[in-house]
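Trainee: Top line first, the protein sequences correspond to chains R and C. Reminder that position 255 of the first sequence reads as 255 in my numbering, one-by-one numbering, no gaps. For any residue, its number in my numbering is found by taking its place in the second sequence, counting from 1, and adding 352.
Bear in mind the hints are in silico, worked out from the structure with no lab data behind them. One should not assume that every hint holds.
[Stated by the list, open to error] Below, a sample of chain C positions facing chain R; criterion: calculated Cβ distance under 7 Å:
1. Asp416
2. Thr417
3. Thr596
4. Asp600
5. Ala601
6. Arg603
7. Leu605
8. Ile720
9. Ser722
[Said to hold, decoys possible] Within a straight-line C-alpha distance of at most 25 Å, the following computed DMTMM-like cross-link-like pairs (lysine to aspartate or glutamate) qualify:
10. Lys102/R with Asp600/C
11. Lys156/R with Glu444/C
12. Lys156/R with Glu202/R
13. Lys102/R with Asp416/C
Idealized CB from N, CA, C, for every residue including glycine.
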Amino acid sequence: MSIEVRHICKRFGAFTALDDVSLAFPDGELVALLGPSGCGKTTLLRVIAGLEQSDSGQVLFDGEDASDTHVRERRVGFVFQHYALFRHMSVFDNVAFGLRMKPRRERPSEAEIRRRVMALLELVQLDWLADRFPSQLSGGQRQRIALARALAVEPKVLLLDEPFGALDAKVRKELRRWLRRLHDELHVTSIFVTHDQEEALEVADRVVLMHRGRVEQVGSPEEVYHHPATPFVYDFLGSVNRFEGRVEESGVRVGEALLLHEAPLPAGEAVIAFARPFELDIVPAESDRGVPARVARILAFGASARVELDGEGEPARRFEVELPRERCTALGLTPGQPVRLVPARLRVFAVE
Amino acid sequence: MDEITDSAGAHVRWTNEPPSLVLDGSWTAAGVKADALLKAVAQALDALPAGPVRLEVAPGAELDTVGALVVEHVAALAESKGRVLDHSSLPEVWRATLALIDRVAQRTPPPAPAPFSGFASIGKSAIDVVRHFFALLAFIGEVTVHFLPLLVRPWRIRWREVIVELEAAGVRAVPIVALLSFLIGVVLAYQAGVTLDRFGANVFIADMIGVVVLREMGPLIAAIIVAGRTGSSYAAQLGSMRVTQEIDALRSLALPPAEMLVIPRFLALAIALPLLTTLANAAGLFGGMVVATGGFGLDWTVGLQRLGRLGHAHYWVGLVKTPVFAMAIALIGCQAGMSVRGSALEVGRATTSSVVQSIFWVIVLDAIFSIVFRWLGL
Chain R
1 MSIEVRHICK RFGAFTALDD VSLAFPDGEL VALLGPSGCG KTTLLRVIAG
51 LEQSDSGQVL FDGEDASDTH VRERRVGFVF QHYALFRHMS VFDNVAFGLR
101 MKPRRERPSE AEIRRRVMAL LELVQLDWLA DRFPSQLSGG QRQRIALARA
151 LAVEPKVLLL DEPFGALDAK VRKELRRWLR RLHDELHVTS IFVTHDQEEA
201 LEVADRVVLM HRGRVEQVGS PEEVYHHPAT PFVYDFLGSV NRFEGRVEES
251 GVRVGEALLL HEAPLPAGEA VIAFARPFEL DIVPAESDRG VPARVARILA
301 FGASARVELD GEGEPARRFE VELPRERCTA LGLTPGQPVR LVPARLRVFA
351 VE
Chain C
353 MDEITDSAGA HVRWTNEPPS LVLDGSWTAA GVKADALLKA VAQALDALPA
403 GPVRLEVAPG AELDTVGALV VEHVAALAES KGRVLDHSSL PEVWRATLAL
453 IDRVAQRTPP PAPAPFSGFA SIGKSAIDVV RHFFALLAFI GEVTVHFLPL
503 LVRPWRIRWR EVIVELEAAG VRAVPIVALL SFLIGVVLAY QAGVTLDRFG
553 ANVFIADMIG VVVLREMGPL IAAIIVAGRT GSSYAAQLGS MRVTQEIDAL
603 RSLALPPAEM LVIPRFLALA IALPLLTTLA NAAGLFGGMV VATGGFGLDW
653 TVGLQRLGRL GHAHYWVGLV KTPVFAMAIA LIGCQAGMSV RGSALEVGRA
703 TTSSVVQSIF WVIVLDAIFS IVFRWLGL
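Chain C with its partners taken away, still in its complex shape (with noise of 0.2 Å):
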């Protein structure tokens, strides 16, 4: 019998007749040392004749799930060189260690956390957005398939629906938006009229506001009432639809939700938002010119005369611009609510994200039309 004695606890012994390893000592935290361990059984397996190979236990050793895991090294190791190890001979408790450590090892490890990167929360971010918006154009496309046939077809347009909507986004926004363009009227002539008072050129107050309000102003107020207001209702409206699946009822009755509910919709914000931004001129230009007269002394009537003769071109050049601020709301909101898949909690994350965005588009919208106009020099 030869015998290779690790320095501390645990050691390796083999005997030729019957061919077989035994481990000997503690197998133990305090008494394994691995490398030293290993060296010895692949002397003892080179040294072994050829055939299986008994693995034994000497009486008094010790194991502990350390220890267990260098065994499975050693048997790890008479594998790689070709030896079968025989465990029949090991003591039950031995087995049962050899065993847990097995399951442990089998268990898969929890899925490591994706290490925090800025750079990889920007990248999905960004190909959020790109999705978002091919799904806003493919929303878009639906829509106007659905809305062409119309245009041949005008009786089959659901009006009712249209004056319904038309009810809700427009008569009903009429105090709002009046009260709102008046205060920004009021805002807009006092810092002009400051700035204006100093060169004596009081008369040009009424340029400005007009100007100011009717290009920009007005529309913009406007719209961005009606973003808040009917876009997020349109949002709210068709995703609480989704999710009690009268959407999904429609569809089945072979009713296109496009041509039931986001047509008459859009109609109807295409019909108000000019509506309500004439009405937006008007009151921040009666606001304009209360400060105007009181303030700063301007004459009700030599004010009026200037705003009527410039005032022409630039109310049409903001109304011009409305249609396709209430269009961007409509489908905005429509395609937000559509997009809710299941709880109600979407219905609220879809009503916010509308608002963000249609505001967010109409003023992009707008200071495209800026640059065009320029550019067309109007």
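Isolated chain R (complex conformation) (with noise of 0.2 Å):
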């Protein structure tokens, strides 16, 4: 099932949650809602599931509104961030419990729901642990059995609300992988939120920046990865050196240094230029190219080594700089020693 949201808007006190979000999920899709926390995104979700009223705005499912629908009708399943198991009952009763509560009609009988509960729990990996209770579980256990209750109501919608948020680092890992797999196998439209960009960017189709409750950018995530679109969504997908300058003829001006880039700005607009640590090479102090920086720290273990550096001036900017270990040790580096960063690709945004 496609869905979209057209205006949503939905505020919390004098806080703005959302700010006029319009959004299309196709369907099938696995799509990840990215940001950081408070902006927005599991407001968004939650008004997706109807767990949440919006202040204004449409939600439709397969081109219906759905904004007054009952959250009966809209036939998700929602896996939340803490798991929310019934902690009362066993997996299996956890997992049959969306069933057995369904009215008389609608409702299959005890043999078929078992076939069907266990069958998903096959699906989970976790056939074995029917009898257990939640607190018998671990973290990731327990997250695999609240997809198999959400999954267990033959949602058209699978919506994730940090799902892997609580699980530690490994296990998360793992669970991702499994969760692209499953996706594969079901084809469920799926939603899911987190503020993990690697998550994101391994696990989704597509991903979609929000900041302060609006949308920065929709794409794939080779797309949003390769071109942000604002310098918070380059900032956002992975670590980043920050140049403050002005555009001249031939470059960026940044303070005494002009790093060479075509800049498509004009000249004397103020801008802000990224570039990643593996698109910065350091080179000898002596050199009249690039920004000044000093050595920090040298971080050298695996194939390549990385370097911390502070920048000149008040308050001192930090960079961080991925170079091969061979380039790293034909520097000679040590910490404390003035060298120059040179950028072999910048990007420039223009100052708001």
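Taking the hints as your guide, dock the two standalone chains into a single complex.
Mentor: This is the structure:
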């Protein structure tokens, strides 16, 4: 089922959680709502689920206005950050609950319920835990049970609110691959909320970036990563080095230094320029190119070395550079050493 | 060149070629007299020819932040006279200090603390009370909306949940209700006995306990104990289910929490409280009789006869109130639980407030019942 939201606004007292949000979620896609905490992503998800009323705007399911339909008719499955399993019920009963509570006409027979629940538990690979209680399970297992419970009522839409937020890094990674596979199997239109950019980029078909209750950019993971529309998006997707300067004919003037770059902006305009850590190179201080900085820390494990540097000026900017290990050794960097930074690539945004 | 000198340190001079204001002397806290200086500047500006005026500093002139503020005043004065001041020939140090003043001035001051006002806080809490009352009304409405269809289809009520709650709210409360009611009966009989004994009217001790226990004490004691035990536990249960988002989970499964959680609890209490009241009545009467016969020489058979004669009507008058108390306790407890937002801390607050409120309402309702019964002549 496709979902569309139009001009959704939601305020909590003086705080604007959603500010005129319009989005379309095509049928069968896995979409990530990504943004820092407080950006309104969870509120949007809850509005779509019908758990929260928007102040204005419409939610359309398959093109039909669902704003006034009860949660009952929406047929959504919702997975919560903290699992929200029913504590006093066994795993089996948790999954079966939604089916057992259906009105008699729609309720399958107990044998059919049993079959369906066991099939779902197999799908989440936890059928051997059917008789346990939620408190006896690990976080990752609980979240998979919660997912099975959400799927039990055969939802047309699956909504996941930071599903892996409460899990440790390793389980998270495992579970998000697993979620991707599951989605490829089921093809239910799914929306999941996360503040973890890596998670969003890895799992989703499309990423919606939100900031302060507004949509900043929508696109495929590659699109948003390689062509960020706004400084916020660039900043949010991975670590970043920031330069403030002014456009000149042949580049961007940052302090004394001139960074060569073809800026599509008129000369004289104040700009913010960004470079990813791997887009910066370190050259000796005697060089006449680049922005001066001082090496603060060198972290060399793995294939590449990460160098943290302090910029000049007050307050001092921090830079982060990722270099191949050999290059780092060749430069012979030591903490405290003055160097210069030369960006291989820059992305320039006008200052708002 | 004309010179207008301030008595102490700071002075202002002006020259016509090129038109400029020269600041001289010590522009410091000790040196400046703002009003005199500004008057001087005003004169100077009037005397200078039209066009931009250069601001200059004489060699050896001093500046501190107080002086800088006065310079800002000078600039503002010039602006108000429609003159443009050219700062470009100021020395670097002066410009830095002026920029500093500028920065500080632009900082928004911290909001003034709200002045303490008793009236304001009374008003605020009054508004809170009204808001809370409306929230309670809305909740009662929501439960009613879900309850009415169930009256037509009673098999859709979750009877299993009702029975579970009945056990927790009713059966488990039996010992404490019985014990406390017995003690209340004992106390009442003593007080009645001491007074009635003086008139040799010991026989009426039975009447006294009968009326007080059956009409008031039995229902009230049972209701207050239930409010403390069960109302608070409803608030805590539902509150913690809100915190763990179990309530949201129910709603996402298209199961209205009012139907799933509130109505079974509410029914369980409506059944349990009349039964507990009957128990409280029996225990209270027994306690009273023990004291009346043991301490004040009342005969068991006579006592029981008297109780039997008047007991019937008073028992029903007392019992009629209890389903209403039960509703109040259940609804207040559940509403307090459902109103929990966010943290576990809120659950404690909800629990406490549910107990206070439900006891309050039980007593208010009891008073209303007394008036209504009096009116009906019961």
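Trainee: Decide, hint by hint, whether the structure agrees.
Mentor: Status of each hint after checking the structure:
Checking Asp416/C against chain R by beta carbon gives a least distance of about 22 Å; that is not within 7 Å, so the hint is violated. Taken as an interface hint, Thr417/C does not check out: its beta carbon lies about 20 Å from the nearest beta carbon of chain R, beyond 7 Å. Given the 7 Å rule on beta carbons, the hint for Thr596/C holds: about 6 Å separates it from the nearest Cβ of chain R. Using the Cβ-Cβ criterion of 7 Å, the hint placing Asp600/C at the interface with chain R is satisfied: the shortest such distance is roughly 6 Å.
With 7 Å as the threshold, the beta carbon of Ala601/C comes within range of chain R, its nearest partner Cβ sitting at about 4 Å, so the hint holds. With a least beta-carbon distance of about 6 Å to chain R, the hint placing Arg603/C at the interface is held under the 7 Å criterion. Interface hint at Leu605/C: satisfied, since its Cβ lies 4 Å from the closest Cβ of chain R, which is below the 7 Å cut-off. A cut of 7 Å between beta carbons decides the hint on Ile720/C: the least distance to chain R is about 36 Å, and the hint is violated.
At a threshold of 7 Å, the smallest CB-CB gap from Ser722/C to chain R is about 41 Å, leaving the interface hint violated. Restraint check for Lys102/R and Asp600/C: satisfied, since their Cα atoms lie roughly 17 Å apart, inside the 25 Å limit. Under the criterion of a C-alpha separation no larger than 25 Å, the hint pairing Lys156/R with Glu444/C is inconsistent with the structure, at around 69 Å. About 23 Å separates the Cα atoms of Lys156/R and Glu202/R, which keeps this hinted pair within 25 Å; it holds.
Simply put, Lys102/R and Asp416/C have alpha-carbon atoms about 79 Å apart, too far for the 25 Å limit, and the pair is violated.
Consistency note: the structure conflicts with the earlier hints numbered 1, 2, 8, 9, 11 and 13.
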